[in-house]
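Spelled out from the first residue to the last, the chains are:
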Amino acid sequence: MAIWLLPPLLWFVLFMLVPYAITVFYSFGRMDGVLFAPDFSLENYRKVFFDAPYAPIILRSAWIGLLTAIFSSLLAYPVAMAMAFNLPSERARQIVYILVILPWWASYLVKAYAWKAILGPSGLINKGLMSAGLIDEPIRIFLYNDFSVVLTLTYIFTPFAVLSIYAQLERIPGSLIEAARDMGANGFEIFRRIVLPISVPGVLAGAVITFSLGFGDFLAPALLGGSDSLMISSVVISLLGVANDRPLAAAIGVTIIVLAALLISAVNRLEKRTQVRL
Amino acid sequence: MFAGAKLGVQMRNPVRLNILTIALVASASFPVAEAFADGELNLLTWEGYADDAFVKPFTEKTGCAVNPTYVSSNDEMVSKAISAGSATIDLVSPSNDATLVLIDAGAVEALDISKLPHLKDYYPAFQKPAWLTKGDDLYGVPYGFGYIRVALKEGAVPGADSVKALWDPALKGKIAIWDNLESLYLAARYVGVKDVYNMTDEELDASMKALIALKPNIVKFWASDAEFTELYASGGILGGNTTELALSKIWGEGHGDLVDIETKEKRGGWSDSWMVVKGAGENPCTYAWLDWVSSAESQAIASKVTGYAYSNAKAFDLLDDATKALLTKLKTNDPKVLNEVDWWQPVARRSKYLEVFNQAKAASAP
Amino acid sequence: MKSVAPTPVIWSLAGGVMLFLYLPILLIVVLSFNSSPRVGLPFQGFTFDWYTALLDNRQMMKAIWNSVYVAFGTVAIGVPLGVMGAIALDRFHFPGKETFRRLVLLPVVLPGVITGVSLLNFYVWGGVKLSLFTIMMGQGTALICITVTEVFARLQQLGRSQYEAAHDLGANEWEIFWRVTMPNIRTALIGSTMIVLSLSLDEIAVTYLLTGRDNTLPMVLWSILRREATPLVNVAGTVMILLTLVLVTIGLRLSRGRQPGSH
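Protein chains in written order, with my numbering: chain A, 1 to 278; chain B, 279 to 644; chain C, 645 to 907.
Treat the hints as calculated values from the structure; they're not laboratory data. Every residue gets a Cβ at the ideal spot worked out from N, C-alpha and C, and that includes glycine. A couple of the hints might just be wrong.
Some chain B residues judged to face chain A by a derived CB distance under 7 Å, without partners named [unchecked claim]:
1. S351
2. K487
3. A491
4. K493
5. K498
6. N636
7. Q637
So here's chain A without its partners, still in its complex pose (with noise of 0.2 Å):
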């Protein structure tokens, strides 16, 4: 057992635990010029919940996590049933697998980038719909607002959401779709009561790890979001970078490692009650 387990603890403990424990013992000092000075001052974490910009940040950035995770299920939903039920072999699964990664190899921000292009007033949509004759004045809302960034993250996340809502669908035998069909079942009654059900973990999976990689995302704000799209992680990169002030970075570091923490036992919890032993 020990062989097995011993190298991944002990590298948990060394680079996750230890790190976490710094950052916490480094949220309760401050900063003394440009030096760190320890204490155990509460002063931190009383400006992350109490002073103005930083709890809302925190939940907005949540909100647009939501959302990026709504829509990435939504999109991811229908790709993971054609994968996992309507392809002849396993060739053409792997095949269609590394198809749904690829987009990710162009890397984020190329991808923001081309975004941009089609979405800005000299961009796709708005050449397209000029020339069709629709508008004759560039529109506007398309870009530099919330819809462009949680669209953009939506976009850069749903493969996430394929493959893990896939995992789970993959695990359904293709005997049990047959005996229902056979008991006289048709294909909404069998997505609704066989196929549904049994990838309800793997949605959940899927929107924890897209929610998440929205909450935390600081480049499509940057890159396509309006005059109010602060997100937390640009606040605490500034705060590392603009301020130097590492202590208040640490609180709001600490206080989403909790969160975080909570989100995981929440969805645990949930995982469990939702799992169908097949």
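Use these hints to put chains B and C onto chain A, whose structure you have.
Here is chains B and C on its own, set in the frame of chain A:
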């Protein structure tokens, strides 16, 4: 030293070898950069500050190879210079709002002025600027500089002669503002604060309110010159606050209608300086570099590359006509204008400034 | 085939989503040949110039190499540790098992910036110099959970009968691992390796905070875009797709070649 670091050092070579063999299959033509044994200089700087146009002549002359690493913010430069040390970085090129932070942190060393003969050719403003001086020592060699402009499309706000033009309701949804504390300074100048680098709570509050009042006009907080250029060229905005780099690019692309407004208020000025990371002065290449980059000859080449003005007053005369005309149009070298610039200073309450700025950014438009 | 929804319906929905996923990719590839000096539209004419510009760009070529180097290092850290963790979770009961499971998941839920800040604090505190190696350790740690989750799910499906049978026949841990466990988790392993590789190649948040002197491709793209957004960026995107495709194809071939017979 703790176990993890030791493990890291021991693992490094074998891991690297394995990866090399694997990766070579797919990338036989990749240049594997191996460190030079000596005659090497590591720079942490801005893109454009280690351009081949003036790095090549330097390497040919001195035999010092130059490895630049580019950063995207002053703060990244500061935190890396403080944490990295001279083993990995020899020189950094921060702006004037960050230089004193490095000096106070003891991350950079005082310069031996006797080895820097070109300094006497510098504009007076850059011979011994406050942001590079501690006691009698000079800690950096000034390099590129400029000041922040308020620029608007011709006729967008008729008769504009003040930063107040940006608040004009005619510009609703039509301007881009820099995602930088400079924009908080801008709001402070709008409400009439005298010393924008040392604001009181009341002044900060008033500046924040002014910035929030500006939000209906702001389409986007821009993060790079390229972004501002693109926004203007694509017709997305009518102006905003910007740098000479974006201005010259926009003009160069045939949009001569963007006017650099001479505001009644002072304008914030930036000035980058080469600073020597503590201990790096012993590297013979370090002073060779400082000597080269402070020369009029190299700064003239650099001016052509970046479109910035440089601190050596003699560099201007060596420029080609096109660059001369551009710099003249930008008025960067005009001594009268230089005297009027409100050079960036290190802000003691940077945390508070940032909080106020973030608060304004997070607020929804009224 | 075990189709659930009517084939035309599911394929038009899935096809629509794939179109959505590929439209920007198509645009990136097309614009990488654009003779305009701008990253975006309009398309002004066909040129290979940006590709030769990439080959001439020392900084970018080095960054692509650095990215690949970091990605392989991340796989070398994250995948083996992930397999170990998954086996431990599957086979044994130990105190704190539930906590360990959740701990493993934490980095995936945590914003990269927070992971980066914690590791940065850790390295600064320990006096470790930032380098490609520190990025690797950071990414490796954050991505262990991918392999753990994928492989653990597969092991759970398998059940314990094979393992117990091999054990009864006198095989030692090592033999069981190579002959029983490995062949069974192979596809899960390939899948998670691919995901880890893809995530690492495009990782920005952790890398942003942990870069020392050497930069990975996303960092260099970021600094280039800061100055001027040329089609060079689209070339980088296109080249990364091709490069990763080549790496993955080679990887798949190799893993297939080693074990003929299994699917």
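Hints versus structure:
A hinted interface residue such as B:S351 counts as satisfied when its beta carbon comes closer than 7 Å to some beta carbon of chain A; here the least separation is about 5 Å, so the hint holds. For B:K487, the interface hint is violated, the least distance from its beta-carbon to any beta-carbon of chain A being 13 Å, above 7 Å. Given hint, B:A491 at the interface with chain A, is violated; its Cβ is 12 Å from that chain's nearest Cβ, farther than 7 Å. The beta carbon of B:K493 is positioned within 7 Å of a beta carbon in chain A (closest approach about 5 Å), and the interface hint is therefore held.
A cut of 7 Å between beta carbons decides the hint on B:K498: the least distance to chain A is about 5 Å, and the hint holds. Interface hint at B:N636: satisfied, since its Cβ lies 5 Å from the closest Cβ of chain A, which is below the 7 Å cut-off. With a cut of 7 Å, the hint placing B:Q637 at the interface with chain A holds, because the nearest CB-to-CB distance is about 4 Å.
Hints 2, 3 from the list above are not met by this structure, while the remaining hints are.
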